[in-house]
Structure formats: C-alpha cells, structure tokens
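Novice: Sequence:
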Amino acid sequence: SGSGKSTLLHLVAGLDSPDAGEIHLGGTNIVGLNDTALAALRRGTVGLVFQQFNLIPSLDVAANLAFQARLAGRPDPAWLKVLAKRLGLAQVLTRYPEQLSAGQQQRVAIGRT
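If you read the sequence shown in the numbering used here, its first letter stands for residue 60, the second for the next number, and so on.
Rather than coming from a laboratory, the hints here were simulated on the basis of the structure. Some hints here could point you the wrong way.
What the hints assert, rightly or not - Straight-line C-alpha distance at most 25 angstroms; calculated SDA-like pairs for lysine to any residue:
no., residue 1, residue 2
1, Lys-140, Arg-101
2, Lys-144, Gln-163
3, Lys-64, Ala-122
4, Lys-144, Gln-164
5, Lys-64, Asn-88
6, Lys-140, Ala-122
7, Lys-140, Ala-161
Claimed, not checked - Per label pair, the in silico range of CB-to-CB distance:
no., residue 1, residue 2, range
8, His-83, Tyr-155, 20 to 26 angstroms
9, Gly-91, Ala-161, 23 to 29 angstroms
10, Ala-98, Leu-118, 17 to 23 angstroms
Even glycine gets a Cβ: it sits at the ideal position worked out from N, Cα and C.
Given these sequences and hints, build the entire structure.
Specialist: And the structure:
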C-alpha cells in the first residue's frame with residue numbers, strides 16, 4: 060500500500076534502476092550492470108515470484124519447472140522430481156497452469172525461481 064516494497068524488490072533484482080546512488084548485492088554494485096549480467100544475477104542470486112505468476116500456459120507443470128532450470132544451467136531431471144515433491148506438486152506434473160489452483164500455480168512459480 061504505497062510503502063515501496065515492490066520498488067525495493069525491483070531495484071534489488073535489477074529490474075529497475077535507481078535515480079541516484081548504488082545498490083550492492085553480495086559485494087557487487089549492480090547499478091550499471093548490462094542486461095546479460097543482470098540476468099545472470101537474477102538466475103543465480105535473486106528469486107522473484109510476481110503477483111502474476113508468469114507461467115507458460117502451453118507447458119505443463121514439469122515443463123514449466125524444467126524450463127527455468129535449463130535457463131539456469133541446472134537441467135537435472137532428478138532434481139525436478141525432488142523439487143516437485145518438496146513443493147507438493149508431484150501429483151500434478153502433467154497438468155497445465157489453467158488446470159491448477161492459485162496455490163498450486165504459486166508453488167510452480169516458486170519452483171521456477
């Protein structure tokens with residue numbers, strides 16, 4: 060409600076740039092990093108779950124989880140099974156986002172971070 064929570068998270072994740080000053084994350088000033096470096100930062104350091112879960116509607120749960128893992132350089136099918144079990148999604152891996160409850164969609168989004 061206007062206190063700046065989303066703004067702060069967007070700044071820390073490098074989605075927005077500050078008007079002035081520096082932002083240090085893990086000893087690195089992220090202000091001025093190029094898009095490639097910011098993407099690597101988000102993949103390896105910062106995880107965000109947006110209010111809109113941004114799941115890919117044409118992919119089932121397993122593929123949505125695996126998609127992000129491949130981008131992060133961790134395409135391990137065994138890890139996908141462990142992750143799905145930890146998130147309580149093991150029984151819905153073949154379902155598509157529109158077939159999931161809001162809570163299940165949120166857990167898929169968490170698994171993608």
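Novice: Now, for every hint given, state plainly whether the structure supports it.
Specialist: The hints, checked one at a time:
no.	hint	result
1	Lys-140 to Arg-101	holds, 23 angstroms
2	Lys-144 to Gln-163	holds, 12 angstroms
3	Lys-64 to Ala-122	violated, 31 angstroms
4	Lys-144 to Gln-164	holds, 15 angstroms
5	Lys-64 to Asn-88	holds, 20 angstroms
6	Lys-140 to Ala-122	holds, 12 angstroms
7	Lys-140 to Ala-161	holds, 21 angstroms
8	His-83 to Tyr-155: 20 to 26 angstroms	violated, 40 angstroms
9	Gly-91 to Ala-161: 23 to 29 angstroms	violated, 38 angstroms
10	Ala-98 to Leu-118: 17 to 23 angstroms	holds, 20 angstroms
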